[in-house]
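Here the structure of chain A is known, so what remains is to put chain B in place on it, guided by the hints.
Residue numbers (our numbering), protein chains in the order written: chain A, 137 to 400; chain B, 137 to 400.
Keep in mind the hints are simulated off the structure, nothing from the lab.
Errors might be hidden in some of the hints.
Some chain A residues near chain B, calculated using beta-carbon distances under 10 Å [unchecked claim]:
#1 Met171
#2 Asn297
#3 Glu348
#4 Pro362
#5 Leu368
#6 Asn370
#7 Phe372
Calculated lysine to any residue pairs in the SDA-like style (CA-CA distance at most 25 Å, straight line) [claimed, not checked]:
#8 A:Lys197 <-> B:Ala251
#9 A:Lys197 <-> A:Asp210
#10 B:Lys197 <-> A:Gly292
#11 A:Lys197 <-> B:Gly292
#12 B:Lys197 <-> B:Arg213
#13 A:Lys197 <-> B:Ala211
#14 B:Lys197 <-> B:Ala211
#15 A:Lys197 <-> B:Arg213
#16 A:Lys197 <-> B:Ala200
Think of the CB as a built atom: it goes at the ideal place given N, C-alpha and C, for glycine as much as any other residue.
Below, each chain spelled out in residue letters.
There are 2 protein chains.
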Amino acid sequence: MSGTDRSRADAADALARGAPAVVLVAPQLGENIGMVARAMLNCGLTDLRLVRPREGWPNDKAVAAASGADRVLDAARLYGSTEAAIADLTYVLATTARPRYMTKEVLGPPAAAAALRARAAAGEPCGLLFGPEAMGLDNDDVALASAVLTVPLNPGFSSLNLGMAVLLTGYAWYAAGAAGDVAAAADLIMPEQTRPANQGELLGLYQHLEAELDSCGFLRNLQSRPSMVRNLRNLFGRARLTEQEVRTLRGVITCLVEGRRKRS
Amino acid sequence: MSGTDRSRADAADALARGAPAVVLVAPQLGENIGMVARAMLNCGLTDLRLVRPREGWPNDKAVAAASGADRVLDAARLYGSTEAAIADLTYVLATTARPRYMTKEVLGPPAAAAALRARAAAGEPCGLLFGPEAMGLDNDDVALASAVLTVPLNPGFSSLNLGMAVLLTGYAWYAAGAAGDVAAAADLIMPEQTRPANQGELLGLYQHLEAELDSCGFLRNLQSRPSMVRNLRNLFGRARLTEQEVRTLRGVITCLVEGRRKRS
Numbered sequence: 137m138s139g140t141d142r143s144r145a146d147a148a149d150a151l152a153r154g155a156p157a158v159v160l161v162a163p164q165l166g167e168n169i170g171m172v173a174r175a176m177l178n179c180g181l182t183d184l185r186l187v188r189p190r191e192g193w194p195n196d197k198a199v200a201a202a203s204g205a206d207r208v209l210d211a212a213r214l215y216g217s218t219e220a221a222i223a224d225l226t227y228v229l230a231t232t233a234r235p236r237y238m239t240k241e242v243l244g245p246p247a248a249a250a251a252l253r254a255r256a257a258a259g260e261p262c263g264l265l266f267g268p269e270a271m272g273l274d275n276d277d278v279a280l281a282s283a284v285l286t287v288p289l290n291p292g293f294s295s296l297n298l299g300m301a302v303l304l305t306g307y308a309w310y311a312a313g314a315a316g317d318v319a320a321a322a323d324l325i326m327p328e329q330t331r332p333a334n335q336g337e338l339l340g341l342y343q344h345l346e347a348e349l350d351s352c353g354f355l356r357n358l359q360s361r362p363s364m365v366r367n368l369r370n371l372f373g374r375a376r377l378t379e380q381e382v383r384t385l386r387g388v389i390t391c392l393v394e395g396r397r398k399r400s
Numbered sequence: 137m138s139g140t141d142r143s144r145a146d147a148a149d150a151l152a153r154g155a156p157a158v159v160l161v162a163p164q165l166g167e168n169i170g171m172v173a174r175a176m177l178n179c180g181l182t183d184l185r186l187v188r189p190r191e192g193w194p195n196d197k198a199v200a201a202a203s204g205a206d207r208v209l210d211a212a213r214l215y216g217s218t219e220a221a222i223a224d225l226t227y228v229l230a231t232t233a234r235p236r237y238m239t240k241e242v243l244g245p246p247a248a249a250a251a252l253r254a255r256a257a258a259g260e261p262c263g264l265l266f267g268p269e270a271m272g273l274d275n276d277d278v279a280l281a282s283a284v285l286t287v288p289l290n291p292g293f294s295s296l297n298l299g300m301a302v303l304l305t306g307y308a309w310y311a312a313g314a315a316g317d318v319a320a321a322a323d324l325i326m327p328e329q330t331r332p333a334n335q336g337e338l339l340g341l342y343q344h345l346e347a348e349l350d351s352c353g354f355l356r357n358l359q360s361r362p363s364m365v366r367n368l369r370n371l372f373g374r375a376r377l378t379e380q381e382v383r384t385l386r387g388v389i390t391c392l393v394e395g396r397r398k399r400s
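Excised from the complex, chain A in its bound form (with noise of 0.2 Å):
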């Protein structure tokens, strides 16, 4: 690495403290994710994780694309799963333009930088989820978000292209900080012996009450089932639970179905 090799990774490594991830859902093309890439590193940003990309890992025309942020490139993650490429972060933003038929906290983009700032300053991992070129991210996906982040454009002709929508994402949680100012977000006042629960934790108790559910008999319409499971996850999602909740809400579930098991 040469000296100004090493005085630009030093840069990003400054301004990538606290910076969310950007996880990628089944991007269609390696020149996207290049220019992804790119525009992340632009604004200080080097947390990439890949879901699926339908062209595999590595890729040239990535590389081509990226025009030098190779380093973003070359510490990319791969995952099977959304669930799998976002267990570890506590707030994580959906990227969507369309209204889907959910109850969610929706953000413009200074709001998401300023919520993205306050978290990090939090010391909570956060991230923003985008979807693939065609289609956007699917229902299931935007569930398992925090909140949508949605950038206001020209409602005649809002298709942004994916690197677009990065960039405009990062640039505000960039300008957020070079502004120097954190904004005080909606502060969540929690006791000091716990934490946000992490969405490998939030997916734990999801399943383990689909699961009763199930086995109740509450899902059993297999047509709704699927928009049933995303309204609960949506609005326990909402209630930004913390680790401890997360267990009390189980032992809850454990509970109420007790009985039943032990009587059965």
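Just chain B, lined up with the frame of chain A:
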């Protein structure tokens, strides 16, 4: 022109009133001009001016890269010099990342957006000047401009693709106008057929859950019962439940305990 195309065009025209022209000086690649057109229309900009495009004009690669922003390309005007391209404008910002050895006002995106909005409100035609991909604007072109617009980026990796540069500056302009329409803080988007639960409905849910938890023994420790009840109410209260979700959760509780009752 179809009805959809017409309404798209109307929306863009409404946005474009007072919008700055985008002037590309000696752009090298047709593909980049297409990406610029797309980024412009995303942000409600429609006045594209080309100064000596290297590959000539019109350009098929520009059309392919514009992803439907054809009307911007169709209306693009060709000029032989930067002076001619900006002759009718009264306020022009030169976009450049590099410091120039000139005494010149330098604006970041929010200040530039405010200046452009203020000039447009006063009836002044404005423009944004972008240099060729590899070199950026030369000093003579910068000298023509009223001020310099610099987008602060990662100092270790600040080189932006031309389309990306137009997007970031165009979005700053767009967002400055849209700020009134777009809720600043977190909006909760919910399906039309529901509404936020009221406190009476929430209390009904809490008491239903607490009665069942008393019954199954979860709240049997009388010393910790009050704080446990508060914690559970808190976590559901944070979720900002809809009336529909309250009914769903009461159904979940009933289903989980139902089998037990049936069997006991």
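Comparing the hints with the structure gives:
Using the Cβ-Cβ criterion of 10 Å, the hint placing Met171 (chain A) at the interface with chain B is satisfied: the shortest such distance is roughly 7 Å. Satisfaction of the interface hint for Asn297 (chain A) is found here, the shortest Cβ-Cβ separation to chain B being roughly 7 Å, below the 10 Å cut-off. The beta carbon of Glu348 (chain A) comes within 6 Å of a beta carbon in chain B, closer than 10 Å, and the hint placing it at the interface holds. Interface restraint check for Pro362 (chain A): the shortest CB-CB distance to chain B comes to about 14 Å, outside 10 Å, so the restraint is violated.
Residue-level restraint check for Leu368 (chain A) holds (minimum Cβ-Cβ distance to chain B is 7 Å; threshold 10 Å). Hint status for Asn370 (chain A): holds, given a least beta-carbon distance of 9 Å to chain B, under 10 Å. The beta carbon of Phe372 (chain A) comes within 7 Å of a beta carbon in chain B, closer than 10 Å, and the hint placing it at the interface holds. Restraint check for Lys197 (chain A) and Ala251 (chain B): not satisfied, since their Cα atoms lie roughly 40 Å apart, outside the 25 Å limit.
Our distance criterion of 25 Å between C-alpha atoms is met by Lys197 (chain A) and Asp210 (chain A), whose separation comes to about 14 Å. For a cut-off of 25 Å, the pair hint linking Lys197 (chain B) to Gly292 (chain A) stands: about 23 Å separates their Cα positions. This hinted pair checks out: Lys197 (chain A) and Gly292 (chain B) have alpha carbons roughly 23 Å apart, not beyond 25 Å. For the hint linking Lys197 (chain B) to Arg213 (chain B), the alpha-carbon distance of about 17 Å falls within 25 Å, and the restraint holds.
Under the criterion of a C-alpha separation no larger than 25 Å, the hint pairing Lys197 (chain A) with Ala211 (chain B) is inconsistent with the structure, at around 33 Å. Of the pairs offered as hints, the one joining Lys197 (chain B) and Ala211 (chain B) holds, with about 16 Å between alpha carbons and a cut-off of 25 Å not exceeded. Our distance criterion of 25 Å between C-alpha atoms is broken by Lys197 (chain A) and Arg213 (chain B), whose separation comes to about 33 Å. Using a Cα cut-off of 25 Å, the hinted pair Lys197 (chain A) and Ala200 (chain B) holds, with the two alpha carbons roughly 18 Å apart.
This entry does not satisfy hints 4, 8, 13, 15, going by the numbered hints stated previously.
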